[in-house]
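Below, each chain spelled out in residue letters.
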Amino acid sequence: MIEKIGFPLVLFAMLAIVLVETNIMTSGIIITIGLNLALALVLTQILALLYGFSKSLKILNKTRRHPLYSPAREASVNAQLRSLKK
Amino acid sequence: MEIERFTSNQIIVHFIAALSLLILYFTGIPQLYPEHLGWILDLIGLSKAMFIHRLAGFGLVSVAVYYLIYSIFSVIINGREYYSKILFPTSADIIDYVNDNLSILGMQQQRIDYDKYSWLEKGLIWSVIIVDCIIMGITGIILFAPWSFASILPLSYLLTIKLVHASFAILSLCVILPHFYLVHLSQFKFPMSKSMFTGTISEEEAREEYPKWHREITGETYD
Numbered sequence: 001m002i003e004k005i006g007f008p009l010v011l012f013a014m015l016a017i018v019l020v021e022t023n024i025m026t027s028g029i030i031i032t033i034g035l036n037l038a039l040a041l042v043l044t045q046i047l048a049l050l051y052g053f054s055k056s057l058k059i060l061n062k063t064r065r066h067p068l069y070s071p072a073r074e075a076s077v078n079a080q081l082r083s084l085k086k
Numbered sequence: 001m002e003i004e005r006f007t008s009n010q011i012i013v014h015f016i017a018a019l020s021l022l023i024l025y026f027t028g029i030p031q032l033y034p035e036h037l038g039w040i041l042d043l044i045g046l047s048k049a050m051f052i053h054r055l056a057g058f059g060l061v062s063v064a065v066y067y068l069i070y071s072i073f074s075v076i077i078n079g080r081e082y083y084s085k086i087l088f089p090t091s092a093d094i095i096d097y098v099n100d101n102l103s104i105l106g107m108q109q110q111r112i113d114y115d116k117y118s119w120l121e122k123g124l125i126w127s128v129i130i131v132d133c134i135i136m137g138i139t140g141i142i143l144f145a146p147w148s149f150a151s152i153l154p155l156s157y158l159l160t161i162k163l164v165h166a167s168f169a170i171l172s173l174c175v176i177l178p179h180f181y182l183v184h185l186s187q188f189k190f191p192m193s194k195s196m197f198t199g200t201i202s203e204e205e206a207r208e209e210y211p212k213w214h215r216e217i218t219g220e221t222y223d
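Chains as they are written, first to last, in the working numbering: chain A, 1 to 86; chain B, 1 to 223.
Honestly, the hints are just simulated from the structure, not real lab data.
There may be inaccurate statements among the hints.
[As the list claims (entries may be wrong)] List of simulated lysine-lysine pairs, DSBU-like, C-alpha gap at most 30 Å:
#	chain 1	residue 1	chain 2	residue 2
1	B	Lys-194	A	Lys-62
2	B	Lys-189	A	Lys-58
3	B	Lys-189	A	Lys-62
4	B	Lys-85	B	Lys-194
5	B	Lys-162	A	Lys-55
6	B	Lys-212	B	Lys-122
7	B	Lys-212	A	Lys-58
8	B	Lys-85	B	Lys-122
9	B	Lys-189	B	Lys-212
10	A	Lys-4	B	Lys-122
11	A	Lys-4	B	Lys-116
12	B	Lys-116	B	Lys-194
13	A	Lys-58	B	Lys-162
14	B	Lys-189	B	Lys-48
15	B	Lys-48	B	Lys-85
16	B	Lys-162	B	Lys-48
17	B	Lys-194	B	Lys-212
18	B	Lys-48	A	Lys-55
19	A	Lys-55	B	Lys-116
20	B	Lys-189	B	Lys-85
21	B	Lys-48	A	Lys-4
22	A	Lys-4	A	Lys-62
23	B	Lys-189	B	Lys-116
24	A	Lys-55	B	Lys-194
25	B	Lys-189	B	Lys-122
26	B	Lys-122	A	Lys-55
27	A	Lys-4	B	Lys-162
28	B	Lys-116	B	Lys-85
29	B	Lys-194	B	Lys-122
30	B	Lys-85	A	Lys-4
31	B	Lys-116	B	Lys-48
All values reported here derive from a predicted model rather than from experimental measurement.
Could you build the full structure based on these sequences and the hints that come with them?
Now the structure itself:
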């Protein structure tokens, strides 16, 4: 469902910012909801960033602690990826 | 199979820059509209919010300076081909831009053929460089310690700089919100795209979203 309402939500937040910044509409419940929505999206992004970064660090740490982990194998995989990039 | 898209350096720079920028919005925008967002300032406290805002500003400027120095050394050592490809718009980007707009308007049905970075991603990078790092950075440094500039700049200039800082913050937020939509709420990315943390994307995703780049790295040809 969020996929369907995501676009209107972002558009509504942007519209509220534009309306208040251009002084077309500076007060009212619509503007308050729009601005709060924009800041709620910002807060969600902060949480998503922290979550994503900490999770990827955890995975990296877990991989390196695995008994079958070998730095030589990782280097060879990286070399393969680099050759794929070229 | 996973394909490497971002280096660990890019991942860390993106994380620090994005976190700083988002904290800057969260602590800065309520100061612009206290009647609508005053609860945030009440929650954090104005002096603490201003301190966090300045700390995040320092983080963003530091990471911008670091990446500038890194890029200069990288261009000297590796040549400018890579940066020309990822940073500067090419004729293919202009064609993609026109095609995308025509398809949005329903005037054309054309398959996307993006390279490693699409015109939208390059536009976002330029927006962050020009608006967030240069304009907001310079005006932010002046507003950080206005008394230091009082002998050079008249009060009217300082007030104008404050207005410019606030207006560009709004512009910057309006650029970041669609980015939020693309990486969190779009149909195939919900709840979030993980490529900016792992540095890799799946081969299917690369084939689907960046066909030109996928063809380049795998040597595959398809219609």
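Here is what the structure says about each hint:
1. B:Lys-194 with A:Lys-62: holds (18 Å)
2. B:Lys-189 with A:Lys-58: Holds - the C-alpha atoms of Lys-58 of chain A and Lys-189 of chain B are around 22 Å apart, at most 30 Å.
3. B:Lys-189 with A:Lys-62: Holds, at roughly 25 Å.
4. B:Lys-85 with B:Lys-194: It holds: about 23 Å lies between the C-alpha atoms, which stays within 30 Å.
5. B:Lys-162 with A:Lys-55: Roughly 38 Å between the alpha carbons, so the hint for Lys-162 of chain B and Lys-55 of chain A is violated.
6. B:Lys-212 with B:Lys-122: Holds. Lys-212 of chain B to Lys-122 of chain B sits at ~16 Å (cutoff 30 Å).
7. B:Lys-212 with A:Lys-58: Not OK: Lys-212 of chain B and Lys-58 of chain A at ~33 Å, beyond 30 Å, violated.
8. B:Lys-85 with B:Lys-122: holds (10 Å)
9. B:Lys-189 with B:Lys-212: Roughly 21 Å separates the two Cα atoms, so the pair holds.
10. A:Lys-4 with B:Lys-122: holds (26 Å)
11. A:Lys-4 with B:Lys-116: Cα-Cα ~27 Å, so holds.
12. B:Lys-116 with B:Lys-194: holds (17 Å)
13. A:Lys-58 with B:Lys-162: Cα-Cα ~41 Å, so violated.
14. B:Lys-189 with B:Lys-48: Violated: Lys-189 of chain B and Lys-48 of chain B sit about 35 Å apart, past 30 Å.
15. B:Lys-48 with B:Lys-85: Violated. Lys-48 of chain B to Lys-85 of chain B sits at ~42 Å, over the 30 Å cutoff.
16. B:Lys-162 with B:Lys-48: Holds: Lys-162 of chain B and Lys-48 of chain B sit about 20 Å apart, inside 30 Å.
17. B:Lys-194 with B:Lys-212: With Cα atoms ~21 Å apart, Lys-194 of chain B and Lys-212 of chain B stay inside 30 Å; holds.
18. B:Lys-48 with A:Lys-55: holds (29 Å)
19. A:Lys-55 with B:Lys-116: Roughly 25 Å between the alpha carbons, so the hint for Lys-55 of chain A and Lys-116 of chain B holds.
20. B:Lys-189 with B:Lys-85: holds (25 Å)
21. B:Lys-48 with A:Lys-4: violated (38 Å)
22. A:Lys-4 with A:Lys-62: It is violated: about 36 Å lies between the C-alpha atoms, which goes past 30 Å.
23. B:Lys-189 with B:Lys-116: Measuring from Cα to Cα gives roughly 18 Å; hence the hint holds.
24. A:Lys-55 with B:Lys-194: The given pair, whose Cα atoms are some 10 Å apart, holds under the 30 Å limit.
25. B:Lys-189 with B:Lys-122: holds (19 Å)
26. B:Lys-122 with A:Lys-55: The hint holds at about 27 Å.
27. A:Lys-4 with B:Lys-162: Outside the cut-off at roughly 38 Å; violated.
28. B:Lys-116 with B:Lys-85: It holds: about 9 Å lies between the C-alpha atoms, which stays within 30 Å.
29. B:Lys-194 with B:Lys-122: The hint holds at about 19 Å.
30. B:Lys-85 with A:Lys-4: violated (34 Å)
31. B:Lys-116 with B:Lys-48: The given pair, whose Cα atoms are some 41 Å apart, is violated under the 30 Å limit.
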